[in-house]
Amino acid sequence: MSAPLIELAAVSRCYPNGDSEVRALDEVSLRIAQGEFIALLGPSGCGKSTLMNVLGCLDRPSSGVYRVNGQDVSALDADTLASLRRDTFGFVFQRYNLIATASATDNVALPAIYAGLPLAARQARARALLAKLGLAERAGHRPGQLSGGQQQRVSIARALMNDAPVVLADEPTGALDTRSGQEVLALLKQLHGEGRTIILITHDLDIARHAERIVRLRDGRVESDSGPVARAPAPLPARPPSGQPSLRAELGESLSMAFTALRANVFRTVLTLLGVIIGVAAVVAMMAIGDGGKRDVLARISAMGTNLLLVRPGAPGVRPSGELASLTLADAAALEKVSGVEAVSPERGGSVTLRVGNLDYRTQIKGVWANYPQVRDWPVAEGMFFSKADVDGYAPVIVLGSTVADSLFPDGRSPLGRYVLVKNVPFEVVGVLSSKGATPFGSDQDDIVLIPLTTGFMRVFGKQYASSVTVRVKDVSQIDAAESAVRELLLARHQTEDFQVRNTASILETASETQNTLTVLLGSVAAISLLVGGIGVMNIMLVSVTERTREIGVRMATGARMRDILLQFNIEAIVVCGAGGALGIVLGVLSAWLAASAGVSVAFSPWPALLAFSCAFVTGCVFGYLPARKAAGMDPVQALAAE
Numbered sequence: 001m002s003a004p005l006i007e008l009a010a011v012s013r014c015y016p017n018g019d020s021e022v023r024a025l026d027e028v029s030l031r032i033a034q035g036e037f038i039a040l041l042g043p044s045g046c047g048k049s050t051l052m053n054v055l056g057c058l059d060r061p062s063s064g065v066y067r068v069n070g071q072d073v074s075a076l077d078a079d080t081l082a083s084l085r086r087d088t089f090g091f092v093f094q095r096y097n098l099i100a101t102a103s104a105t106d107n108v109a110l111p112a113i114y115a116g117l118p119l120a121a122r123q124a125r126a127r128a129l130l131a132k133l134g135l136a137e138r139a140g141h142r143p144g145q146l147s148g149g150q151q152q153r154v155s156i157a158r159a160l161m162n163d164a165p166v167v168l169a170d171e172p173t174g175a176l177d178t179r180s181g182q183e184v185l186a187l188l189k190q191l192h193g194e195g196r197t198i199i200l201i202t203h204d205l206d207i208a209r210h211a212e213r214i215v216r217l218r219d220g221r222v223e224s225d226s227g228p229v230a231r232a233p234a235p236l237p238a239r240p241p242s243g244q245p246s247l248r249a250e251l252g253e254s255l256s257m258a259f260t261a262l263r264a265n266v267f268r269t270v271l272t273l274l275g276v277i278i279g280v281a282a283v284v285a286m287m288a289i290g291d292g293g294k295r296d297v298l299a300r301i302s303a304m305g306t307n308l309l310l311v312r313p314g315a316p317g318v319r320p321s322g323e324l325a326s327l328t329l330a331d332a333a334a335l336e337k338v339s340g341v342e343a344v345s346p347e348r349g350g351s352v353t354l355r356v357g358n359l360d361y362r363t364q365i366k367g368v369w370a371n372y373p374q375v376r377d378w379p380v381a382e383g384m385f386f387s388k389a390d391v392d393g394y395a396p397v398i399v400l401g402s403t404v405a406d407s408l409f410p411d412g413r414s415p416l417g418r419y420v421l422v423k424n425v426p427f428e429v430v431g432v433l434s435s436k437g438a439t440p441f442g443s444d445q446d447d448i449v450l451i452p453l454t455t456g457f458m459r460v461f462g463k464q465y466a467s468s469v470t471v472r473v474k475d476v477s478q479i480d481a482a483e484s485a486v487r488e489l490l491l492a493r494h495q496t497e498d499f500q501v502r503n504t505a506s507i508l509e510t511a512s513e514t515q516n517t518l519t520v521l522l523g524s525v526a527a528i529s530l531l532v533g534g535i536g537v538m539n540i541m542l543v544s545v546t547e548r549t550r551e552i553g554v555r556m557a558t559g560a561r562m563r564d565i566l567l568q569f570n571i572e573a574i575v576v577c578g579a580g581g582a583l584g585i586v587l588g589v590l591s592a593w594l595a596a597s598a599g600v601s602v603a604f605s606p607w608p609a610l611l612a613f614s615c616a617f618v619t620g621c622v623f624g625y626l627p628a629r630k631a632a633g634m635d636p637v638q639a640l641a642a643e
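The opening residue of the sequence shown carries number 1 in the working numbering; numbering runs sequentially from there.
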């Protein structure tokens, strides 16, 4: 006698129920040969569905031995069981268990996805099966557009997709009218005639009589068995090739299923995307604005000169009180001879009211040497700067900042050659400085006038000492050495440290670090938005897993491995976050552009966008993993029973 296709030896299945247990199957022994048409008959609660789940490898027996083609299934892991279901069993469920968002063709083709059949081949086979079952014209319809009988025929076509040798039909006529039920039974007989093993689960004796062999169940035990019919089964038709799909194919299928699932709930998908979009857009826009502010601040500091040493009177760390006369012109002349120094300009400043005609304007005035434009890198936009001869000759000439020129001469005429009263002394305007804008601290650099330092001592300031000395260094890389040399020279001249030397390069570095901190702060605030969006993705995916529990069960019943389910739901989360990241970049760039149009300083860089998109992608992976793991770890029986 040939070995049976299916063999159960003293199989029991128990479920815990508080402190006791329920024995759904109680030492069931059964042998089913290839090509049999067997009906498992019994009332509700007798263990029929539990037996079907054990037969179809959806559930494991608590005790006993279950063999398929001589292989003990108790030793198989979850993925091997999935492969066994895929290649051996086709399920016809009482409630059809079709995926509501997929067409009839896609529902039928589902098992072939996990068998590695290419898209075109499985679509063609699915359509051929539907045509064979009289549903050619309904191939593109979804389950909700089909009648109960049509849905059951789609379920039967799905069971045949991988040409499984065993068809498990659980109450296949229970939800159908009489005519549709007879059609389904006729189909099962036809499949049996083609050599397949049909296991029909029913509570109706009239339906069971369509089978060749009837096994009665009661209270989890085999009550009677009419025995197998002694005849040779018809040969099975040639099966389509089956195997594990490649990783590339798996990713492609997962992407396709992800887009299908997301399209099925467009409104919820949009809301999920919105959290990621806002998070990424906030990162991109905030970083662009932060970088723009940094660039603006550094540009303004650079405009002051990055290779300058500023020497001021007063001991370091001591708040100066009153006017300090510790810096002299002789100090400035001595500093010109220091190695590495390119130019020196002593300065004396104050506040003064200028008058042109009947127009008064209060501004800052500085007495400087003729090389001041070279020291400060501040060219003249109109006219010329006063010369060394003007300084030596105490010439009453003046150079105006652009703000002062616009304020004193609003008529638009050139101020060159015109006179400005400074403390009732007429000064001839010889030049107008180019505009430098505001300092990093908000003051207007162009609100100033410059006069020869000697003239200032005599006509404006009175006492002859400098309030500061600006030293321009030839090479910014040698500025630290030049600073040390300047300090040593002044210490030697003054015999005490009654001065301060500040390095504008260090000011620039400090400002850059401060601005970097502010940019990181902005980015961190925006990143929180992205984190919140990621949590939203996880919540939505958990809801999606809950809603699609039965779909997960169907996929497992048709051969999906744990990695297939894990990959599918992870890919869905990644697609959401990836699409949200791309749209967020667009929105962030647009927001930053609008901010720039409104006058906000903005600096675009690809790195914040890449960083934000990468974070969105990682967010999809991280926050999609938990829901995906929950889906992959589901028990097929419990998933199929979910409402």
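Calculated from the structure, these hints are not laboratory results. Cβ coordinates follow ideal geometry from the N, Cα and C atoms, glycine included. One should not assume that every hint holds.
[To be verified] Below, in silico cross-link-like pairs of lysine-lysine (DSS-like), each with a Cα-Cα straight-line distance of 25 Å or less:
no.: 1; residue 1: K423; residue 2: K474
no.: 2; residue 1: K436; residue 2: K463
no.: 3; residue 1: K436; residue 2: K337
no.: 4; residue 1: K463; residue 2: K388
no.: 5; residue 1: K132; residue 2: K189
[Said to hold, decoys possible] Taking CB as the label site, the calculated pair distances span:
no.: 6; residue 1: R263; residue 2: S226; range: 25 to 35 Å
no.: 7; residue 1: G340; residue 2: G599; range: 33 to 43 Å
no.: 8; residue 1: L274; residue 2: A128; range: 35 to 45 Å
no.: 9; residue 1: R268; residue 2: S614; range: 33 to 43 Å
Let me make sure I understand: some of the numbered hints might not hold for this structure. Which ones are they, in numerical order? Result: hints 1, 2, 3, 6 and 9 break, sorted rising.
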